[in-house]
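> Can you make the complete structure from the sequences, with help from the hints?
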Amino acid sequence: MSASNTTTITSIGAPNRRNTELALLVFAVAIPVFAYANVGLAKNGSVPAGLLGYGVGLGLLATVTHLLVRKFAPYADPLMLPIATLLNGLGLVLIWRLDQEPSLGAAMAPKQLMWSTFGVVLFVLVLVFVKDHRILQRYTYISMVLALFLLVLPVFFPPVYGARIWVTLPGIGSLQPGEFAKIIITVFFAGYLMVKRDALALASRRVMGLYLPRGRDLGPILVIWAVSLLILVFETDLGTSLLFFGLFVVMLYVATERTSWIVFGLLLSSAGAVAVASSEPHVKTRVQDWLHPLALENGAVTETAQARYAFGSGGLFGSGLGQGYSRLIHGIAPKSDYILATVGEELGLAGLMAVLLLYGLLIERGIRTALAARDPFGKLLAIGLSGGFALQVFVVAGGVTGLIPLTGMTMPFMAQGGSSVIANWALVAILLRISDTARRPAPSPAPSPDAEATQVVRNQ
Amino acid sequence: MSELTLTVMRLGFLAVLWLFVIVAVQVIRSDLFGTRVTQRAGRRGETAARPPQQRQQAAAQDRRAQQPAASARQRRGAPTKLVVAEGSLAGTTVALQGQTITLGRAHDSTIVLDDDYASSRHARIYPDRDGQWIVEDLGSTNGTYLDRNRLTTPTPVPLGAPIRIGKTVIELRK
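Going down the list, the sequences are from chains F and Y. Following the UniProt record's numbering, the numbering of the first sequence begins with 1 at its first residue and continues without gaps. Following the UniProt record's numbering, the numbering of the second sequence begins with 1 at its first residue and continues without gaps.
Read the hints as simulated data drawn from the structure, not as lab findings.
Anything over 10 Å on all C-beta distances counts as not near chain F; from chain Y, calculated: (1) 131; (2) 132; (3) 148.
Chain Y side only, calculated, beta carbon under 7 Å to chain F, not exhaustive: (4) 16; (5) 20; (6) 24.
Just the calculated beta-carbon pair ranges, DEER-fashion: (7) F:199 x Y:15: 50 to 58 Å; (8) F:107 x Y:3: 23 to 31 Å; (9) F:440 x Y:94: 21 to 29 Å; (10) Y:8 x F:285: 40 to 48 Å.
The C-beta atom is built at its ideal place from N, Cα and C for all residues, glycine as well.
Encoded structure:
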């Protein structure tokens with residue numbers, strides 16, 4: 001080729017990647033079935049009796065969702081559904097594996113399977129009934145009221161394990177409204193910031209290199225800060241308040257492109273955390289556990305230390321599924337909060353990294369969707385949903401691995417907990433809807449009026 | 001269960017898990033390269049020198065990139081691209097997708113001619129109702145030539161016939 005090389009650049013018309021999704025889904029169903037067989041062989045020396053039923057059930061669920069995505073969101077992102085299916089399937093297997101330990105209490109896997117099915121049903125309903133994510137924009141302030149209502153609700157119910165985050169419904173079980181409030185408040189933030197972002201970004205004074213917004217624009221962020229602190233005080237739920245405040249700061253930063261919001265957010269959240277940690281006994285214990293994991297407590301080391309022992313005994317490649325000693329974690333929740341400790345012990349560092357990468361990929365697809373979305377509301381909603389998801393993964397994984405104090409949130413999709421699984425399936429459905437709109441090829445341009453005029457002339 | 005089987009399963013499971021991650025990353029790769037960059041020859045001779053299957057491939061790519069509405073109208077043997085064969089822009093191609101292509105020195109033309117003999121709005125090439133491509137001179141000073149003949153009326157363009165504007169030669173190709 002000569003020096004005057006020239007190139008033609010054409011954009012690839014976004015192909016609809018449904019076949020890729022199908023192939024990955026087959027993969028995502030096969031891996032948990034493999035894991036299930038592996039646990040059975042390791043624990044009882046035989047392939048578990050329910051293997052065929054479990055495999056067929058999971059496969060059927062995946063097939064139905066895939067077909068509905070094909071029908072209702074043909075251009076949606078090909079990765080989100082398989083990754084969510086894989087994480088959910090792996091979580092089910094791990095819970096079933098922990099059910100095999102009699103010391104860990106009643107079997108949870110069948111119930112979790114039921115909640116997962118409900119989650120998939122909600123996923124389908126959202127996909128079918130929310131034809132366009134911009135419909136959600138109409139309910140900006142309604143969602144604010146609804147989210148605050150859901151957040152306040154658990155105050156009226158008795159605390160469980162020191163945190164008032166559950167609502168007990170007789171006959172059905174207990175729900176964690178905070179998980180749903182997470183999605184609903186993201187809708188409010190996206191709708192609010194879309195309208196106010198210019199005022200927040202431009203009407204500000206510059207003080208010491210930071211942009212200080214006006215009081216009336218700063219008001220809402222302070223209110224949200226106060227509300228999240230109040231949740232912390234009344235419900236002693238460190239995780240949810242961190243999540244809400246972090247979510248708002250992330251969305252503010254994305255909407256206004258002002259670094260000062262991040263500085264403010266970090267200052268306010270650390271001030272709040274220190275204030276609460278030094279006053280609230282429940283939170284204080286958690287911080288003490290984090291700072292001194294090897295301190296003796298009821299004659300044994302803390303849960304934090306036990307989780308670290310689990311990671312340590314797992315090593316690089318793990319002990320193998322069903323061959324670990326997760327039952328030794330004395331904590332209240334080896335099936336929910338500490339499920340990552342089981343992953344770390346039985347699959348080792350390699351497996352834990354793969355699982356964390358899967359979460360990372362899911363979050364990346366969400367952020368990618370936000371980049372590709374054409375309308376500002378969709379952008380903010382996608383970044384808020386994936387940012388909240390990312391924060392939740394960080395808070396849980398950080399808590400279990402001892403990076404930050406444990407906060408008692410659930411690992412999305414994997415951990416045992418009905419509300420979490422249902423809410424996260426709905427979250428993935430909304431992200432898929434936005435990505436379908438974003439990746440849909442633009443309609444072909446209308447024929448130019450000039451051409452029609454000449455045609456009329458020629459006809460005469 | 002023997003120790004060996006369990007070890008194989010343990011490592012096999014990790015391998016499968018990582019395989020899934022790698023396949024997922026491969027799927028993402030297509031998003032990082034959102035545009036397709038095709039090399040094209042700088043001179044006409046090099047265009048001819050390209051191996052035929054490569055040219056076919058490029059044509060197939062062009063066809064795939066077209067809008068479905070346009071390809072529905074496409075007949076067999078219809079041109080799919082406009083190629084500048086000679087002149088300062090030699091090597092430039094424009095995919096024919098049913099839109100009007102304007103030629104001239106004006107900056108909003110589809111092909112901006114950097115040619116002393118070209119007028120600012122020199123000529124246009126457009127499809128008529130049957131999908132036949134027509135070239136029309138827009139009252140240029142130095143005229144537009146199809147083969148050797150100066151255009152006076154809108155004229156259908158056969159495949160591969162040279163359209164000459166000053167020192168620039170344009171052809172429609174498959």
